[in-house]
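These protein sequence lines map, in sequence, to chains A and B. Read in order, the letters of the first sequence correspond to residues 1 to 42 in my numbering. Read in order, the letters of the second sequence correspond to residues 1 to 138 in my numbering.
Hints were generated in silico from the structure; no laboratory data involved. Just so it is clear, CB atoms sit at the ideal spot from N, CA and C, and this is done for glycine as well. Check each hint, because a few of them may be wrong.
As the list claims (entries may be wrong) - Here's a subset of chain B near chain A, in silico, CB distances under 10 angstroms, partners left out:
#, residue
1, Ala16
2, Ile42
3, Thr49
4, Val50
5, Asp55
6, Pro59
7, Ala69
8, Pro75
9, Phe125
To be verified - Selected chain B positions facing chain A (Cβ under 7 angstroms, derived; list incomplete):
#, residue
10, Ala20
11, Ser22
12, Ala53
13, Val79
As the list claims (entries may be wrong) - Derived Cβ-Cβ restraints for the label pairs, each shown as a range:
#, chain 1, residue 1, chain 2, residue 2, range
14, B, Pro59, A, Gly31, 11 to 21 angstroms
15, B, Thr2, A, Arg22, 29 to 39 angstroms
16, B, Gly15, A, Asp11, 25 to 35 angstroms
17, A, Asp7, B, Gly37, 15 to 25 angstroms
18, A, Gly25, B, Ser60, 27 to 37 angstroms
Each chain is listed here by its residues.
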Amino acid sequence: MTPDDGDSAIDFVLGDSTGTERSLGSLVANGPCVLVFYRGHW
Amino acid sequence: MTEYERNAGAIRAAGASIVALSVDSAQRCEGVRRELGLSFPILCDTSRTVVRAWDLYNPSEMGGIAIPAVFVIGPDLRVRYRSVDRTRDRVSTAGVLGLLRGSARPETIERTPIRAGLMEFARAFSNAIRRGLKTPQK
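Make the full structure from the sequences, and use the hints.
Pasting the structure below:
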């Protein structure tokens, strides 16, 4: 389910394009994170 | 993506970070990141695990892609703002920036129309019809 305003986001770990593993928890450790889902293939 | 890059300095100055996510391979994501000169990382959800878990998966286009969406996630992992852009407009980066600076409320954030090409429009139209046909009859 897509988390709504006020919901707890589902944490995840993914590799970025350089191979660095990043969790959502670590991305927000120092402040809010703007997370942009894009379609890809652009 | 370029709009977020243009506003990246201001977003960081507001104490936030930016990260993009797509279902593309690391190689393709890195190509996009370099081509657009992005200063923020692109997460590669090649297994579609996250887009499925977040219900932001569109399996009917190009072998399965992410539905465009923007979230502001707080340090406690709570969603401070979300915009799922299934429709023909998209949240503005200025709006997101306003929210981060505390000068805009989530419900007042402006949206801007997506300037879509004819092909994208045709695809959206055919998808809408397909979805309509799949709607269960009662």
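Against the structure, the hints:
1. Because the beta carbon of Ala16(B) sits about 5 angstroms from the nearest beta carbon in chain A, less than 10 angstroms, this interface hint is met.
2. Interface hint at Ile42(B): satisfied, since its Cβ lies 5 angstroms from the closest Cβ of chain A, which is below the 10 angstroms cut-off.
3. Annotation: Thr49(B) was flagged as interfacial toward chain A, and the flag holds, the nearest CB pair being 7 angstroms apart, inside 10 angstroms.
4. Proximity of Val50(B) to chain A holds as hinted, the smallest CB-CB distance being about 5 angstroms (cut-off 10 angstroms).
5. Against a cut-off of 10 angstroms between C-beta atoms, the interface hint on Asp55(B) holds, since the closest Cβ of chain A lies about 4 angstroms away.
6. Annotation: Pro59(B) was flagged as interfacial toward chain A, and the flag is violated, the nearest CB pair being 13 angstroms apart, outside 10 angstroms.
7. Taken as an interface hint, Ala69(B) checks out: its beta carbon lies about 4 angstroms from the nearest beta carbon of chain A, inside 10 angstroms.
8. The closest approach between the C-beta of Pro75(B) and any C-beta of chain A is roughly 5 angstroms, which is under the 10 angstroms cut-off, so the hint is satisfied.
9. Look at Phe125(B): its Cβ only gets to about 17 angstroms from chain A, farther than 10 angstroms, so that hint breaks.
10. Checking Ala20(B) against chain A: minimum C-beta separation of about 5 angstroms stays under 7 angstroms; hint holds.
11. At a threshold of 7 angstroms, the smallest CB-CB gap from Ser22(B) to chain A is about 4 angstroms, leaving the interface hint in force.
12. Nearest Cβ of chain A to the Cβ of Ala53(B): about 5 angstroms, under the 7 angstroms cut. The hint holds.
13. Below 7 angstroms, beta-carbon pairs count as interface contacts, and Val79(B) has one with chain A at about 5 angstroms; its hint therefore holds.
14. For the pair Pro59(B) and Gly31(A), the beta carbons lie near 34 angstroms from each other, so the given range of 11 to 21 angstroms is not met.
15. Hint check: Thr2(B) to Arg22(A), Cβ distance near 22 angstroms, so the stated range 29 to 39 angstroms is violated.
16. Checked against the hint of 25 to 35 angstroms, the pair Gly15(B) and Asp11(A) fails, with Cβ atoms roughly 21 angstroms apart.
17. Range check, Asp7(A) to Gly37(B): about 33 angstroms between beta-carbon atoms, so the 15 to 25 angstroms window is missed.
18. Between Gly25(A) and Ser60(B) the Cβ separation comes to about 32 angstroms, which falls inside the hinted range of 27 to 37 angstroms.
Comparing the model with each numbered hint stated earlier shows that hints 6, 9, 14, 15, 16 and 17 do not hold.
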